[in-house]
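Using the hints, position chain E against chain S.
The listed protein sequences derive, respectively, from chains S and E. So for the first sequence, my numbering puts the first residue at 137; every next one is plus one. So for the second sequence, my numbering puts the first residue at 3; every next one is plus one.
Read the hints as simulated data drawn from the structure, not as lab findings. Computed from a predicted model, the values in this text were never measured in an experiment. Warning: the hint list may mix true and false statements.
As the list claims (entries may be wrong) - Taking lysine-lysine and the BS3-like style, the derived pairs with C-alpha atoms no more than 30 Å apart in a straight line are:
1) Lys177(E) / Lys204(E)
2) Lys63(E) / Lys78(E)
3) Lys305(S) / Lys206(E)
4) Lys12(E) / Lys177(E)
5) Lys78(E) / Lys135(E)
6) Lys177(E) / Lys63(E)
7) Lys201(S) / Lys188(S)
8) Lys305(S) / Lys63(E)
9) Lys206(E) / Lys177(E)
10) Lys135(E) / Lys520(S)
11) Lys201(S) / Lys135(E)
12) Lys305(S) / Lys323(S)
To be verified - Calculated from the model, a selection of chain S residues having no Cβ within reach of chain E, i.e. all distances over 10 Å:
13) Gly197
14) Val314
15) Gly357
16) Ile498
17) Ala499
Quick reminder that beta carbons are idealized off the backbone N, C-alpha and C, glycines included.
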Amino acid sequence: MSESSRKRSSFLPSLLAVLAGVVYMVFFLAGESQMVIFGLLLGAGLVVTAFKYLRVLDVVGESAKDNQRAFSIAVVMGVLAVSLYFYDDPFVLFLVGTVLVYVLTCLGLNIQFGFVGVLNFAGASFFGVGCYTAAVLTKNTAVPHLVIIFLGGLMAALLGFLILIPVLKTRGHYAALVTIAFALLFKTFLEVNDTLGGPQGLKCGALNLFGWDFNRDIVIGSFEGCFYLGYIAVILLLLILGFIMARRMEDSWVGLNMDAVRLDETVSACFGQSIPRWKITAFTIGNFYCGVAGAFYAMMLGYIAPTNFTFGDSLILLSIVILGGLGSMWGTVVATIIVILIPEKFQVLQEYRFLLFSALVIAILLFRPQGLLPRPLRSYITLKSSSNR
Amino acid sequence: MQNVLLSISKLGKNFGGVTALVDLDLDVARNRILGLIGPNGSGKTTFFNVVTGIYPTTSGKVAFEGEDITNFSPQKVYRAGVARTFQRSRLFLPLSIMDNITLGDHSQLNNGLFFNLFRRRALAAQYREIRDKSRDLITIFDPDLADRLFEPVVNLPMISRRRIEICRALISNPKLLLLDEPSAGMTHEETFRLIDDILHIKDKIEDLTVIIIEHEMSVMERITDYCAVLNFGQKICEGTYREIASDEEVQQAYLGVD
Chain S
137 MSESSRKRSS FLPSLLAVLA GVVYMVFFLA GESQMVIFGL LLGAGLVVTA
187 FKYLRVLDVV GESAKDNQRA FSIAVVMGVL AVSLYFYDDP FVLFLVGTVL
237 VYVLTCLGLN IQFGFVGVLN FAGASFFGVG CYTAAVLTKN TAVPHLVIIF
287 LGGLMAALLG FLILIPVLKT RGHYAALVTI AFALLFKTFL EVNDTLGGPQ
337 GLKCGALNLF GWDFNRDIVI GSFEGCFYLG YIAVILLLLI LGFIMARRME
387 DSWVGLNMDA VRLDETVSAC FGQSIPRWKI TAFTIGNFYC GVAGAFYAMM
437 LGYIAPTNFT FGDSLILLSI VILGGLGSMW GTVVATIIVI LIPEKFQVLQ
487 EYRFLLFSAL VIAILLFRPQ GLLPRPLRSY ITLKSSSNR
Chain E
3 MQNVLLSISK LGKNFGGVTA LVDLDLDVAR NRILGLIGPN GSGKTTFFNV
53 VTGIYPTTSG KVAFEGEDIT NFSPQKVYRA GVARTFQRSR LFLPLSIMDN
103 ITLGDHSQLN NGLFFNLFRR RALAAQYREI RDKSRDLITI FDPDLADRLF
153 EPVVNLPMIS RRRIEICRAL ISNPKLLLLD EPSAGMTHEE TFRLIDDILH
203 IKDKIEDLTV IIIEHEMSVM ERITDYCAVL NFGQKICEGT YREIASDEEV
253 QQAYLGVD
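Chain S extracted, bound-state conformation (with noise of 0.2 Å):
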């Protein structure tokens, strides 16, 4: 075959950028005094700037296409093993925690808005749809919270259905403004609607699956590690379900069709395409994403607000997924990381964060519109390597 004449390229170059990677968020996390994390960013930033002009980061790109599997395999074992590091600092593991809650919602988002080009506005109130479930349901009712994580997705995914039918025979961004319409209102009912706990907002149940209470501290022989290590087994379980579904549809013709709408709306129309359904399948499936993610959240949070849920937040998940390159679900990882812990850990740009992310938004936008990691172009390796089997 000609597309695999190309020598396969080497694991090693990926796998020591996973290694430093773990050791430098390790430092990082670490990181007490304002001037350590300054330290650290500027050297995180120079390196990657003298690694790119020297080709090293190409090595590693490549690298990580062409050992797909192991290389997600490798950035698994980093995120378990910067946990575990931090197995009894409770801070820095509802941070990592959030982060991974973060990115799935991201994800979500990057279904609907870098694959199919539909503008999700309301982000931030569908993850909110998911949280809100979860804490009605945990406390009024016996619904396994499995079941609940998932009901979280569907109550979410339903919302979004239904208000986007309305607007899907139109063209360009109504449904953006729909979106947005949603996100305002949402947070309005929120804090008028007394049975949802109005502005105070209300409690959410421990996560609890199969009789393991996830709010207690985790003890196997000496070993006593803080509670949220459970959390974040659950949520990286999640992701990685994510991941590999939005990864599978990406390497389908479901994605292509999904390209193709978003690109040229007549030319998929004149070969057969319907518009409607791609939109509302990655909108839908989008909102899955944000719900499951809320819904989670909520469980490890313990406590929701309608503050958590404005549109300002949804703006923020957008530039995430702006920053990392649209379509590109590693960027998204990335950007994640980026967006969600500098501003934890250097509190001096905590003010500012909203200016300083309008900023980037609008530098990646004309210096390197495709993202930090742009999107490869579909190979349909996962195809391949399936069938190898």
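What follows is chain E alone, placed relative to chain S:
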């Protein structure tokens, strides 16, 4: 009339107060190549857009294989067996050659969500089938492109893009192929190579009817079995290239009246 594939009667199209097509009558014979000639703005591309369902008709009737397809959606027209290319080559530029050609075969793909996500082995089999089909098709036009199936289209020169666009239209085995100015943006030599390709493929496919819009008269002379001339949205003449070239009204339309 067994051998009429596409039959247009009294077709009219207005854009607000602007009339693009007036009472157009046209019968397209099966298995022939029809050339559509006319000055700029005479309604040629509008005709394609109305037939393929991009614009709704204002009046008149379009029949394909005896079936009324007037005001069908583009999707339904495609499924009936009509494929087209566009005046300004409209490929999906960021996608690969393979992806672009595959998209032309939409109705043959299994597009179900469950199938695509969970029946990966069956999908892989379908993928290999389509890939080989695409490769065989593009090899007829340009063997070099067949080796570059997984390169993005955006880097390719115009002639390659035109070839890919024609492959995208042909892969679904349409009965009617609409070519909208395939020579636009190409040199004379490239145009002739493309025309050779089209004639070559026309020989290979048994049941293929072609309507071609073109300004290059030498192209029309070589490729068409017969021609129709439009002016201000009306058909002013129909016949073989030789006949219409010597027609006085046609010459006036092109050169203007003294």
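Status of each hint after checking the structure:
1. For the suggested pair lysine 177(E) and lysine 204(E), the alpha carbons sit about 11 Å apart, so the restraint of at most 30 Å is met.
2. For the proposed pair lysine 63(E) and lysine 78(E), the alpha carbon gap of about 16 Å is at most 30 Å, so the pair holds.
3. For the given pair, lysine 305(S) sits about 41 Å from lysine 206(E) by alpha-carbon distance, which is inconsistent with the 30 Å threshold.
4. As the CA atoms of lysine 12(E) and lysine 177(E) are separated by approximately 23 Å, the hinted pair is consistent with the 30 Å bound.
5. At most 30 Å may separate the alpha-carbon atoms for a hinted pair to count; lysine 78(E) and lysine 135(E) meet this at roughly 24 Å.
6. The suggested pairing of lysine 177(E) with lysine 63(E) holds, with an alpha-carbon distance near 19 Å, which does not exceed 30 Å.
7. With a C-alpha separation of about 17 Å, the suggested pair lysine 201(S) and lysine 188(S) falls inside the 30 Å cut-off, and the hint holds.
8. A threshold of 30 Å between alpha carbons decides the hint, and for lysine 305(S) with lysine 63(E) the separation of about 25 Å falls inside it, so the pair holds.
9. In summary, the hint linking lysine 206(E) to lysine 177(E) is supported, as the alpha carbons are separated by about 13 Å, within the 30 Å threshold.
10. Annotation: proposed proximity of lysine 135(E) to lysine 520(S) holds, straight-line Cα distance about 17 Å (limit 30 Å).
11. Using a Cα cut-off of 30 Å, the hinted pair lysine 201(S) and lysine 135(E) holds, with the two alpha carbons roughly 26 Å apart.
12. As the CA atoms of lysine 305(S) and lysine 323(S) are separated by approximately 27 Å, the hinted pair is consistent with the 30 Å bound.
13. A cut-off of 10 Å between C-beta atoms confirms that glycine 197(S) is not in contact with chain E; the least separation is 16 Å.
14. With a least beta-carbon separation of about 24 Å from chain E, valine 314(S) lies farther than 10 Å from that chain, consistent with its non-interface assignment.
15. No beta-carbon of chain E comes within 10 Å of the beta-carbon of glycine 357(S); the shortest separation is about 40 Å.
16. Every beta carbon of chain E lies more than 10 Å from that of isoleucine 498(S), the smallest distance being close to 22 Å; the non-interface claim holds.
17. The claim that alanine 499(S) is not at the interface with chain E holds, since no C-beta of that chain comes within 10 Å of its own (minimum 22 Å).
Figure legend: structure checked against the earlier numbered hints; the only hint not met is number 3.
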